[in-house]
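Enquirer: The primary structure of each chain is shown beneath.
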Amino acid sequence: MRFALEKRDGKSRKMTILVPIFSLIISFLLGAIVLAISNANPIQTYGAMIKGAFGSPTKIQYTIAKSIPLLLCGLAVGIAFRLKFWNIGAEGQYVSGVIGITWVMQFWTFLPQWAYLPVGIVMGILFGAFWGGIPGVLKAQWGVDETLATLMMNYIAIGFAEYLYFNAWKAPRGNMGTVRYPEFAWLPKIWGKVHSGVYFALILVVVLWFVLYKTRWGFELNMIGKNQRAARCQGVSIKKNIILAMLLSGGIAGLAGAIDSAAVTHCLTKGVNSGYGFTGIIIAWMAGLNPFVSIFIAIIMAALETGGDALQITLKLPSAMGEVLQGLILIPLLAGSVFTEYKLIVLTKQKEEVL
Amino acid sequence: MHENITDETPVVRMVAITKHFPGVLANDQVNLTLRKGEVLALLGENGAGKSTLMNMLVGLYRPDSGEIYINGKLADIRSPQDSMALGVGMIHQEFMLVGNMSVAENIILGMKDLPFVPPLSEIKKKITDLSKRYGLQVYPDKIIQDLSVGEQQRVEILKLLYRGAEILILDEPTAVLTPGEARDLNEIIKKMLSEGKSAIFITHKMDEVMEFSHTVQVLRRGKSVNVCPTNSIKRVQDLANMMVGRDILFSLDRGPYNPGKIMLEAKNLVIQSLQGNKNVLDHVSFAIRGGEILGVAGVAGNGQQQLTEALTGLMHVSSGQVLINGEDYTNKTPLQVIRSGVSHIPADRGRMGVVGDMSVGDNLSMKKYRTNELSNHSIIKRSWVRLFADKLIETFVIKTPSQDTSVKFLSGGNIQKTILAREIDSCGGILIAVYPSRGLDVGATEAVRQNIIKQRDKGNAVLLVSEELEELLMVADKIAVMFEGRIMDIVDVKDAKTEELGMLMAGVERRDI
Amino acid sequence: MNFLDFFTRLLAVTLAMGTSLTYATLGEVYTQKTGVLNLGMEGIMLMGALSGFATAYSTGNLVLALVIAMLVGGLFSFIHAFLCITMRANQVVSGLSITMLGTGLANFLGQRLGPASNNFNLAGMNLPSKFNNISIPGLSNIPVLGALFDVSILTYALYFILPFAWFFMYKTKHGMVVRAVGENPRTAASMGISVSKIRYLYTTIGGMFAGIGGACLSLSFTPSWNEGMTGGKGWIVIALVIFATWNPGKVVIGTLIFGGITSLQFSLQAAGFKMVIPTQFLGFSPYLITLVVLSAMTIINGKKKGSFAAPAALSTPFAIDDK
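Residue numbers (my numbering), protein chains in the order written: chain A, 1 to 355; chain B, 1 to 513; chain C, 1 to 323.
Chain A on its own, in the form it takes in the complex:
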């Protein structure tokens, strides 16, 4: 029996809903297999993860706090992906944001106290935007492949950050990390571990949703992503929009970095590249580039991380289980998405193959 994939006449409604559900089920099954092989009880483990992520108010706070930079990175990447610009440099743009805010926090001592935080955040956004703009210009002007360019930019930023926190900006005491930000400039917490970055994130979701789905510019970005040639025929400027979108994308990732460091880490140090940029890519893709759905996905991803962390304490299981599940969820989803546009057919004698 031979199978083949045949293009459907219309996007399958049924599949768009069934596929994510089945994928989730399959991935939890696969995860259970991994757990079983390593002598852990799947049900117990999953239970512990859920409790670890949502079991108590404190746990929920941790999860939400973690979802903020994830969401922002997901939004950032989502903008670029809308134009089919593969921005895998969100990690580096995030780090640039941290560098930006650290610069203000550590050296702009001429500022009045109330100004540290806002100026710092703005600087974080600008640094991120700059870092995203470079590959944007390279692609728009000269066609340099953005997948590879943004990837390289990540490690340049991370390396430069290392230089700063090990060397140029290192705090006099301790072996690494910059001076802690002054406490008056920290991003205030609003509920336990959850900080006011959540306002930024939610506002941004609404703003982005509005811009992308309601404005002319959003319409143009959509056109470019779905058919660049036709967009050009309609007078849309491809170059200008790629650059603008990348400035925005990098800026939001930079914002994520600035917020997280202003609220949680309070300095630039090892571990600044926490993987939010990469997970953001996954979030953007899974959310179908929809800002509101991104909230939901970001929380799931955050829950997998905090739930995973909890495993260490409660069941003495490696926290890496969370990461395993994150990867496992994606694979069936990736495989399954093909069924929304294609149907599986069986080739019998009648069906001939036409090249």
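In short, the hints are calculated from the structure, not lab data.
One thing to keep in mind: the hints can contain errors.
Stated by the list, open to error - Taking lysine to aspartate or glutamate and the DMTMM-like style, the derived pairs with C-alpha atoms no more than 25 Å apart in a straight line are:
| id | chain 1 | residue 1 | chain 2 | residue 2 |
| --- | --- | --- | --- | --- |
| 1 | B | 126 | B | 141 |
| 2 | B | 494 | B | 446 |
| 3 | A | 7 | B | 64 |
| 4 | C | 171 | B | 328 |
| 5 | C | 171 | B | 113 |
| 6 | B | 454 | B | 484 |
Position chains B and C against the provided structure of chain A, taking the given hints into account.
Expert: Relative to chain A, chains B and C alone:
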């Protein structure tokens, strides 16, 4: 002309070949016979079914019915490999060559019986010998992307010969060659014939048919209309008649011809070719008045698309001027051209005319979303768009489940109607339509033509590029014939003669007619 | 330490570090050359390191460890191939999810496959045997270059594998097919080549090499297991592929330079030299150089049609029946 052909079993016999594609009957009971040592020219306009027929001979398609006999034996050709095994090979218009590999590598790519390390020196020697034998001037070490188009074509020929092809099919071989290179090609083919090979070439150029073939077979609308020895054709005009046909399908309502002032003008437009040989556009000049349709005739690939892209700001012009209502719009951006009131129905409707993954409503609004009609302060008003789209869908009878359906799911005709609706509704005086009725059924075609005439009756200036002469004769007021980037002549439709136009399309100069 | 000793030590460390990178880079070069982008390198290498170490730890059999690492690497990249080729998934997202899965799984299993005495953790455990350096008498005493003859068998193998990889790509009929598929899949298909079979094959092989590359780290370089011990090397591999302009013959230049820069960091610090250029700059300079080279190559070659060294069909799916 060539010498006599041996009278044996035909090397190729295609019997009652029929092929359907969705919505169109590409080949209708076509018979074709090729004898050994013969060159058969397969002549017809675009869409006549020539390529389809040949694609079946080389296994890219399977016929719905009919048989193919190679050297007298019934053949079941399912792939290019099958046809090659039978000695039949084809050189396509788009060459099947890997740019960054050498000539030798391209020639042996994918061959079954090669040793692990192909003995390149042996192979290169064989290539050089073949090359000398047929006068191909192909050097095995050169890299494909460094070769001229003519040289690449010769590599393709050698590829077939190397693999033992006895029957060669060439698809519009001289479309990409200069006249000198075309003559060289003819010499090569003569040499191959003298070695017992046979050839079919697909063409639309009548002078080629006269010069290079023994026999000519004319296809029109999927049917074979005539087969005869080339030297039995007394006048090229007869050939043109057969190719283009005389039947006019339907008559359309037209207003009186009352042209206004000049709205769109081209002055000496030149676009240089990247490869440096012929110019893509060669000093093209014309003027179109309001209330007038200028048709551009000529076989696709002679610069028509580039002309329209030059006029709409999509392609850079090396020299010359584009004037819209007297103002210089040469090399301006597409947006500026759109804002000056130019509407464009592009050649490639799927890739340039619509965004397939967006809805019908969205696609309809792509011209006006910037204006106050559909948006307010940078925000697109969805309710206004819905009303707007509903109105257009009704007016132009676009068949779609809803305005939210993705445009890619619509039939070709309805996609074209969507584009038409959008462009006509927003037309500010000038309409440029490129192959607008290509691939459409009778009903859709009529709608398209009627709409174009309506625009002209309203006083707009229309540039209509079409592959079908009869469409232009029906719709246009004047016809400009393009050949190899030049305008051969511009004639008034009422004075136009099909045969003359056919010859101009084939590159015969006006003064030689 | 004298001058020659310093450079000998430098070359030795470079070779040791570079071995792992070279295997993985060779694999990815072949994968990308057929038009598939595999960003899962980091995860695959880590899984290779883990599975190699775990096998060697429990069986003491180094050869078996290598084989297992190879198979594991092949399995992960096969999944990637399946997703990208048959299921037409986005290659970037697929590669990143493989990285995520591989990294997570490796770290997870690293804490479960160890002995009960160490809380089931493999970290900190010692291998019964490891790939030691084998010294060729006489040759290994040559100043500086002698380091080439005092390396592990994994590195010695490369002395043969590297030229063969180049030879295979450019002199054999299979290499021709590889190049054609990545450059112009349509033409390859018209010549009777199954584009998807070739892509499956070389993506899987590429993953196998990556698995070996990972195992080199845990079985030879630092014979131990640490969480995340690949430390971003998988991403360096991607950079090295570009730097080598997708040519197996040039891979060694990149790995020597990159390996050299990194080992320079350590060697200089060890020798007590005061750095004029901060060491971290050396750390990210490979990526910066690659970016500059990539941009320059694109800009310079931009006008010529398809002459850029990257396979023209890289990361574009190809399906015969698609319009």
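Enquirer: List in ascending order the numbers of the hints, as given earlier, that are violated by the structure.
Expert: Checked against the structure, the hints that fail are numbers 4 and 6, while the rest are satisfied.
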